[in-house]
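Participant: Using the sequences and the accompanying hints, generate a full structural model.
Residue numbers (my numbering), protein chains in the order written: chain V, 267 to 566; chain C, 37 to 464.
There could be a bad hint or two in this list.
In silico DSSO-like links for lysine-lysine, alpha-carbon gap of 30 Å or less [to be verified]:
| # | chain 1 | residue 1 | chain 2 | residue 2 |
| --- | --- | --- | --- | --- |
| 1 | C | Lys236 | C | Lys332 |
| 2 | V | Lys530 | C | Lys91 |
| 3 | V | Lys503 | C | Lys332 |
| 4 | V | Lys317 | C | Lys124 |
| 5 | V | Lys317 | V | Lys476 |
| 6 | C | Lys412 | C | Lys332 |
| 7 | V | Lys530 | C | Lys124 |
| 8 | C | Lys91 | C | Lys124 |
| 9 | V | Lys503 | V | Lys530 |
Hints are computed from structural coordinates only; laboratory data are not their basis.
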Amino acid sequence: MPRQIRRWGPPLLLISPSLIIIGVFVYGLIAININTSMTDIHTAAQATGRKPSEFVGLVNYTDLLASPAFQHSLRNLVLYTVVFLVGTMVMGFVWAWLLDRPARGEGIFRSVYLFPMAVSFIASGVVWRWLLNSNQGENASGLNRLFQILGVPFLQNNWWNNVNYGIAAIAIPAIWQLSGYVMALFLAGFRGIPEELREAGRIDGASEWKLYRYVLFPQLSPVALSAVVIIGHMSLKAFDLIMSISKPANYQTKVPAVDMYVFKSAFNYADAAAVGVILLVIVAILIVPYLVHTARAEKS
Amino acid sequence: MRRMAAVAAVAAVTLGLAACSSGGDDEATSTSTGTEAGSGGDVEVFTWWAAGSEKLGLDALVGVFETQHPEYTFVNGAVAGGAGSAAKDLLQSRLQANDPPDTFQAHAGKELTDYIDAGQLEDVSALYDDYDLTDVFPPTLLDLLTVDGMIYSIPSNIHRSNMVWANPAVLTEAGLDPAATYDSIEAWFPALDAVQATGKTALSVATTWTQVNLLETILMSDLGPESYNGLWDGTTDWSSTEVTAALTDFEKLMSYTNTDRDGLDWPEATQLVIDGGAAFNVMGDWAVAAFEEQDKVAGTDYIYFPVPGSADLFGFLADSFTLPVGAPNPDGAKAWLDTVGSLEGQTAFNQAKGSIPARTDADPADFSEYQQSAIKAYAQDTIVPSLAHGAAASITVLTAISDATSKFTTGASDLATYQSELAAAAGS
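Facilitator: Printed below as a string of structure tokens:
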């Protein structure tokens, strides 16, 4: 027994501070949050315990998922995630592919594409709010004005103020900011493929397309998966960019994270917690299979 | 198996810490009440007055406080951002954690309901007698502040929500007489049509809360004071045809507004009128500060009048100060409330902020031209509570009404759906 302690004790002692902190502030608070989401704490008086609150099980979840307002938020979230994900993956891959061939000024382009990531969502949101101004015709500004100057006025639209697809317009600045990051991931992936493999393929008579299709793409799939997971979970948590361009009360740009904020501000802690759990589950659906996959890959 | 044991260990540690932390909380509260200062000490005043005319007003009020109560030290707890929403969020957390400031700013009226229900505010009606405030505030205001025979805050200033600001040059260009008056919303439409025909924005508005501000003034105008007040105490039916008529007017008014409204806040909407891009703007009377800051002259550069049809109504909202339960320095907070309610305090504060004193005994000669007209209106008009600024309804009701309004004005719901959602919101 003492020998076992001697073997396990020091490492356990060393990692225990972080274990405890993560245990309390991540898993402990998730547990408390789930507990709150299953109560009927919808008023300030119940939140402070002055009025009784009781356990109601999954009622808040069923109510939320049945409400048209929350369904609208979820629909917005899906639309935003799809546009954001497809946009960054396509742009990032194309840029990486272009820069992969030795090109002059590659370093400059790489920095130019990466720079937007250094800007905070709040700061870029302030600028994009102006660029995405929904006025058309005489009062137009931002991109709509640019379209007029370029002689393509039919491209003008009301951007994020479109009640059905407005949220997709907010994905544009997000794509602008994170395409460079995806590019860097893919570029690292390209550089990680030994030149010999390409040469071998060419010697065997593979066309340039076949070379990409059968030699390079399969080697890039782990990178692509990481990019999808990273961008996907960022997208699901989208809040700051939306708050900075739009306002929390605007119906057209509501997503679950904004709902959570509005519920919390109105002392409706139970529903806010329920939205938080729903978001956590959605993110988990994306991330857990990825973690399982990487764990298996590491083992083998 | 080993993994299971580790998880169990983490869970046990978590529980232990949770127990510790709740124990620590109680201890903190008891020490803070134990070190109460009998007199003197710091007074933390929590507001969202961090910039512009609001900051100037607070500074002036602090000046009076330091002369009236030199034994206390003012500690500025102002939190900037989001027209008060950042401050309210922080306040919510602090009250929840039993760490209240000595006194905090809140809109007078129903917005206090949540704090009152949560037992976070002390009844200050005794202070109204101590400081002789009962006779200097108008009785209609006191009625609006009283909840079950108790009053939980002392108002520092009054704003009027139902005001129209207009650019006379734009009106003249549209062939309108800037001096014209309109008796009802109905009578206002031809003027809006005339402006729209010139290609300018007839009515500028900003994001959701300013649209709710517009909605409340239409309701005041179309329903009249009794029916409007009835919306908040349940005696007026939200599904009635008179409400439908008001909402139809609201829908029509929104059709005259700028298309980029949801991305703007009120200063940008008012700026459209100042710059001559729009003719009219419905906004509370803090808008006058925007005109004055840019050296615009009332009468020639801009004109103002109550929203058509509500000339004898005063859409009231007020900032007020409270005494939170468990304030570290309650005597200091009472001294602050004394200054807030005093004639000197209200005069100094409102001269700088541009609002009007809640007291009726202030000398109008001390104030600007607009303020003098507002003081006169405040004394003779019927006072009705503002919805958008927390006087008429609780935060929950206001949030639900805002959501329904945003949905309607973005075109996601029709008038009938909007009306039924409003009815549901008022009942929430």
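Participant: Against each hint, give a clear statement of whether it holds in the structure.
Facilitator: Now for the hints, and whether the structure bears them out:
{"no.": "1", "hint": "C:Lys236 with C:Lys332", "verdict": "holds, 21 Å"}
{"no.": "2", "hint": "V:Lys530 with C:Lys91", "verdict": "holds, 28 Å"}
{"no.": "3", "hint": "V:Lys503 with C:Lys332", "verdict": "violated, 45 Å"}
{"no.": "4", "hint": "V:Lys317 with C:Lys124", "verdict": "holds, 22 Å"}
{"no.": "5", "hint": "V:Lys317 with V:Lys476", "verdict": "violated, 69 Å"}
{"no.": "6", "hint": "C:Lys412 with C:Lys332", "verdict": "holds, 23 Å"}
{"no.": "7", "hint": "V:Lys530 with C:Lys124", "verdict": "holds, 11 Å"}
{"no.": "8", "hint": "C:Lys91 with C:Lys124", "verdict": "holds, 17 Å"}
{"no.": "9", "hint": "V:Lys503 with V:Lys530", "verdict": "holds, 16 Å"}
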